[in-house]
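Colleague: Chain residues, written in single-letter form:
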Amino acid sequence: MVSLSDELIEKFDQKDEVVLGKLLKEVENQTELGFELLKHKAFQKGKAHIVGITGPPGSGKSTLVGKICKSLAQKGLKIGVVCIDPTSPFTKGALLGDRVRMQELAKYPNIFIKSLATRGNLGGLAGSTADVVQVLDAFDKDIILLETVGVGQAEFDVLDISDTVVLVNVPGLGDSLQTLKAGIMEIADLYVINQSDRPGADESVKDLRMMVNESKKEDWKPPILKTIATQQEGVEELIDQIHRHKSFLRNSGQWAKIRQNRHMKRLRGVTNSYITEIVENTMRNDPLIQKRIEEVKRGEIDPFTVSNEIIRHLFQKQLTL
Amino acid sequence: MQIKVVMAKLGLDIHWRGALVVSRMLRDEGMEVVYLGNQFPEQIVDAAIQEGADVIGLSTLGGNHLTLGPKVVEIMKAKGMDSLVIMGGVIPEDDFPLLKEAGIAEIFGPETRIEEMANFIRARVKTEIA
Ligand SMILES: Nc1nc2c(ncn2[C@@H]2O[C@H](COP(=O)(O)OP(=O)(O)OP(=O)(O)O)[C@@H](O)[C@H]2O)c(=O)[nH]1
Ligand SMILES: [Mg+2]
Chain F
1 MVSLSDELIE
11 KFDQKDEVVL
21 GKLLKEVENQ
31 TELGFELLKH
41 KAFQKGKAHI
51 VGITGPPGSG
61 KSTLVGKICK
71 SLAQKGLKIG
81 VVCIDPTSPF
91 TKGALLGDRV
101 RMQELAKYPN
111 IFIKSLATRG
121 NLGGLAGSTA
131 DVVQVLDAFD
141 KDIILLETVG
151 VGQAEFDVLD
161 ISDTVVLVNV
171 PGLGDSLQTL
181 KAGIMEIADL
191 YVINQSDRPG
201 ADESVKDLRM
211 MVNESKKEDW
221 KPPILKTIAT
231 QQEGVEELID
241 QIHRHKSFLR
251 NSGQWAKIRQ
261 NRHMKRLRGV
271 TNSYITEIVE
281 NTMRNDPLIQ
291 KRIEEVKRGE
301 IDPFTVSNEI
311 IRHLFQKQLT
321 L
Chain C
1 MQIKVVMAKL
11 GLDIHWRGAL
21 VVSRMLRDEG
31 MEVVYLGNQF
41 PEQIVDAAIQ
51 EGADVIGLST
61 LGGNHLTLGP
71 KVVEIMKAKG
81 MDSLVIMGGV
91 IPEDDFPLLK
101 EAGIAEIFGP
111 ETRIEEMANF
121 IRARVKTEIA
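Chains as they are written, first to last, in the UniProt record's numbering: chain F, 1 to 321; chain C, 1 to 130.
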């Protein structure tokens, strides 16, 4: 068990990757120390450009992230990568396979990759993603790439965390457009048709352009790019656009606004999960409440009345964790 | 707490699928398995550091196990990490003592049942956390 000493913080500030790894593990597992860390003043920076990479399963997100990192590393940037894969709801296990597509990054310095399992979190990210990003940002990463799980229709969490959202799709999205139309298509700042070596890429670009032209975003018209990630083709253009979007955010004042919203959402999220935890604890452990719960189970009393009692009971006890 | 495993094929055993199969089975045993594909010791240890691995799993078809296996333990210790290092695949039993002496916690042959491996990991990781 590690504890949060000045020495540890000092090593962290000196860019000790072993310490970074250990601290991230605490944060990933949402331990006491992890929360101490997230409250520490050395961990409040918010300077990194956070780029979410999302899109359907197998579209090439990891391959693309690998190529983007390679190029950025050659330019001397410090990079954090967070890859999220789904947890099996049945076994609670997960196979985190994104690193296989990034093998060549092992020889570049200043790239730190962390894989996270969703652990029951819906929305395309792990519950600890924002926390992990906060720590990587405190480690002075210039840019943090965030690969979501392969998404279908309702995974929007990446929006809350990212400055720039890249949606990676594949050619022939005529059909998938139908399923994605529900909203996920509207979320991106950049659209990528990857696997453009496969037939139908130009049609897909055309389809996307039509859709983008209908969209309500006024001040930033999302570019549409073709890439072949496996051959590093189109990757430089994509990087240029990612940088251009960052400049746009900065110049338009949205950079600060995004951060304000993010802090607000985080406050709300953290508060809600604290309260949920307190409520769950009480419902599990308080004998008086337990008795009432049994009555609700038997249908002798309605859940609304007992719910009110639980809340009243909690406020009387004063909320403590 | 969830057990995190970093699994790699040692060196250049490209055609060896065992590592991926075992990764899937450990996932089904409830672990989080980061699969690296083929990597060399230095990179495996770096990945384990980044991922906060409780366990490093090394898979090999043999040939390189006596050099590369112990190398992983050596680099790991030099960097101040203390993950449990296990090996699997095709390794002659005569070499087991040497590997264990070098700090490999256990070696699993191709016939090993997955429950056996999973139980070994759970027992060892739990005592180390406690
Ligand atoms: N032909 C072709 N194949 C590609 C291209 N980019 C990626 N692939 C292949 O597509 C497959 C999936 O790539 P990944 O990078 O793992 O895709 P992903 O979106 O990260 O997948 P998940 O994380 O599972 O959702 C791999 O076999 C890649 O080699 C491309 O531009 N052209
Ligand atoms: Mg991937």
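If you are wondering where the hints come from, they were derived from the structure by calculation, not from laboratory data.
All C-beta atoms in this analysis are idealised placements derived from N, C-alpha and C, irrespective of residue type, glycine included.
Be aware that one or more of the hints could be misleading.
[What the hints assert, rightly or not] Some chain C residues well away from chain F (every beta-carbon gap over 12 angstroms; in silico): (1) M7; (2) R27; (3) G52; (4) K71; (5) L84.
[Stated by the list, open to error] Pair ranges (Cβ atoms, derived): (6) L66(C) with M283(F): 52 to 62 angstroms; (7) A123(C) with K206(F): 55 to 65 angstroms; (8) N29(F) with E116(C): 19 to 29 angstroms; (9) N29(F) with A123(C): 13 to 23 angstroms.
Colleague: Now, for every hint given, state plainly whether the structure supports it.
Modeller: Evaluated hints:
no.	hint	verdict
1	M7	violated, 9 angstroms
2	R27	violated, 4 angstroms
3	G52	violated, 3 angstroms
4	K71	holds, 15 angstroms
5	L84	holds, 15 angstroms
6	L66(C) with M283(F): 52 to 62 angstroms	holds, 56 angstroms
7	A123(C) with K206(F): 55 to 65 angstroms	holds, 59 angstroms
8	N29(F) with E116(C): 19 to 29 angstroms	holds, 26 angstroms
9	N29(F) with A123(C): 13 to 23 angstroms	holds, 20 angstroms
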